[in-house]
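So the sequence lines, in the order shown, correspond to chains C and W.
Using the numbering used here, the letters of the first sequence correspond one by one to residues 42 to 216.
Using the numbering used here, the letters of the second sequence correspond one by one to residues 11 to 224.
Note that these hints are calculated values from the structure, not bench results.
Be a bit skeptical, because a hint or two may be false.
[What the hints assert, rightly or not] Quick partial rundown of chain W residues pointing at chain C, CB under 10 Å, derived from the structure:
#1 K40
#2 P75
#3 L79
#4 Q132
#5 A135
#6 S145
#7 D167
#8 P169
#9 K176
#10 K177
#11 R178
#12 N182
#13 Q199
#14 I201
#15 R206
#16 P208
[Said to hold, decoys possible] Covered stretches of chain C (in silico footprint by chain W; criterion: 3 or more residues with CB under 8 Å from a CB of chain W, positions within the stretch not fixed):
#17 78-84
#18 94-104
#19 118-128
#20 156-163
[To be verified] Pulled from the structure, derived: some chain W residues nowhere near chain C, Cβ distances all over 10 Å:
#21 M53
#22 S61
#23 D82
#24 K94
#25 G95
#26 L108
#27 R120
#28 G163
#29 N168
#30 P195
#31 P204
#32 I205
Glycine included, each C-beta is placed from N, C-alpha and C at the ideal position.
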Amino acid sequence: MRIFYALSFFLALLTPQISGAQAFKVYDNFSELEERIAQAKSTTLLVINFWATFCKPCLEELPYFNQLHAKYASPDFEVILVSLDFKSHLEKKLIPYLRANPLSPEVILLADPEHDEWIRRVDGNWLGAIPATLLIRGKERDFYAGEFEQMKDLEDFIFRFYERIGVPPPTGITN
Amino acid sequence: MKIHFLSLALSGALLCAFADVASKYTIGDKVEDFTLRNVDGRMVSLSDYDSAEGVIIIFTCLHCPYAELYEDRIIQLHKKYAPKGYPVLAINPTSPILFPEDSFEKMRARAKAKRYPFAYLQDSAQVVHSRFGASRTPHVYLLDKARIVRYIGSIDDNPESPQAVKKRYLENAIAALMRGERPYPDITQAIGCPIRVPKSAPRLDSMPVASPRR
Numbered sequence: 042m043r044i045f046y047a048l049s050f051f052l053a054l055l056t057p058q059i060s061g062a063q064a065f066k067v068y069d070n071f072s073e074l075e076e077r078i079a080q081a082k083s084t085t086l087l088v089i090n091f092w093a094t095f096c097k098p099c100l101e102e103l104p105y106f107n108q109l110h111a112k113y114a115s116p117d118f119e120v121i122l123v124s125l126d127f128k129s130h131l132e133k134k135l136i137p138y139l140r141a142n143p144l145s146p147e148v149i150l151l152a153d154p155e156h157d158e159w160i161r162r163v164d165g166n167w168l169g170a171i172p173a174t175l176l177i178r179g180k181e182r183d184f185y186a187g188e189f190e191q192m193k194d195l196e197d198f199i200f201r202f203y204e205r206i207g208v209p210p211p212t213g214i215t216n
Numbered sequence: 011m012k013i014h015f016l017s018l019a020l021s022g023a024l025l026c027a028f029a030d031v032a033s034k035y036t037i038g039d040k041v042e043d044f045t046l047r048n049v050d051g052r053m054v055s056l057s058d059y060d061s062a063e064g065v066i067i068i069f070t071c072l073h074c075p076y077a078e079l080y081e082d083r084i085i086q087l088h089k090k091y092a093p094k095g096y097p098v099l100a101i102n103p104t105s106p107i108l109f110p111e112d113s114f115e116k117m118r119a120r121a122k123a124k125r126y127p128f129a130y131l132q133d134s135a136q137v138v139h140s141r142f143g144a145s146r147t148p149h150v151y152l153l154d155k156a157r158i159v160r161y162i163g164s165i166d167d168n169p170e171s172p173q174a175v176k177k178r179y180l181e182n183a184i185a186a187l188m189r190g191e192r193p194y195p196d197i198t199q200a201i202g203c204p205i206r207v208p209k210s211a212p213r214l215d216s217m218p219v220a221s222p223r224r
């Protein structure tokens with residue numbers, strides 16, 4: 042029994058998910074994110090934002106993704122926040138940030154160091170500066186490298202995606 | 011960087027200067043001379059390096075954790091390659107308006123504390139990084155003897171851990187130039203902190219546009 046407690050204590054130290062901050066998954070390989078994307082229904086829009094706690098413009102636009110999730114989340118509309126924080130700085134950076142700034146969308150830490158390899162798989166034109174936002178619905182994709190100045194810009198970006206693929210957007214997203 | 015050029019082009023005085031250079035440098039382009047202020051107060055030009063076999067231009071800064079992780083590696087690169095004719099020329103493209111921690115005084119203090127063996131120039135007007143098309147820090151441009159861009163990208167494949175590096179992109183590119191060959195790969199991408207432009211100028215880039223798909 043004592044061993045069990047010692048073990049649980051040790052695990053609690055190791056597992057960021059149970060230290061008071063919001064739970065998040067850690068993907069060490071980009072292919073895990075690809076699998077996560079592939080699991081979505083072909084009628085579900087995935088709004089995937091790449092960010093990090095050290096990226097000022099990322100933190101400025103994060104509230105819009107929170108709002109987006111609050112307004113539109115449904116089986117056909119998912120928001121995923123992919124943090125590119127350093128895995129070795131989790132306890133100092135990402136976890137305290139999530140504790141102080143609860144995010145309602147799903148959070149994933151992507152810790153694949155092979156940047157040159159996976160950045161191209163996100164978008165062929167991406168140079169790797171964050172923030173960046175990827176929209177995926179079935180085989181359709183749009184990508185924007187840059188920050189959204191206001192909520193309206195993010196909604197416009199999503200509206201235009203729906204418009205381009207000829208699918209009606211969720212109620213509330215208008216041009 | 012189209013986005014940066016649009017912002018710059020709108021900011022009046024720069025309109026004329028940039029009307030004819032609407033594209034960023036890519037592999038094979040010749041880099042025009044530029045002059046910026048070094049941390050020692052003197053003005054430094056690319057042409058000051060005319061006798062060098064090549065120049066390792068690195069856009070870096072103080073506020074970005076990625077740049078910080080690479081700081082020691084940049085110093086080592088200069089120590090290793092400057093004697094072989096390939097000095098590092100570091101440029102801080104950060105606007106101190108947006109990041110006071112990248113002020114000229116802070117740059118000078120850091121360069122002194124870490125004994126930077128290379129020139130560390132301030133591009134606070136953000137003219138040079140726009141011309142290059144540098145979009146993140148750190149962002150490397152390796153130039154050959156004729157000041158032709160031969161490699162663009164990251165230093166290696168592991169920002170977080172120098173010990174875990176498997177691919178030394180920049181060193182491999184320098185080695186290729188030394189052999190008289192073209193580096194491969196000549197472009198690599200990496201996550202980095204964005205180089206931000208203050209919003210004082212009217213922005214055309216506030217409206218996100220999906221990048222063209224290929």
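Those earlier numbered hints the structure runs against, lowest number first: Of the numbered hints, 1, 4, 5, 11, 12, 16, 17, 26, 28, 29, 30, 31 and 32 do not hold.
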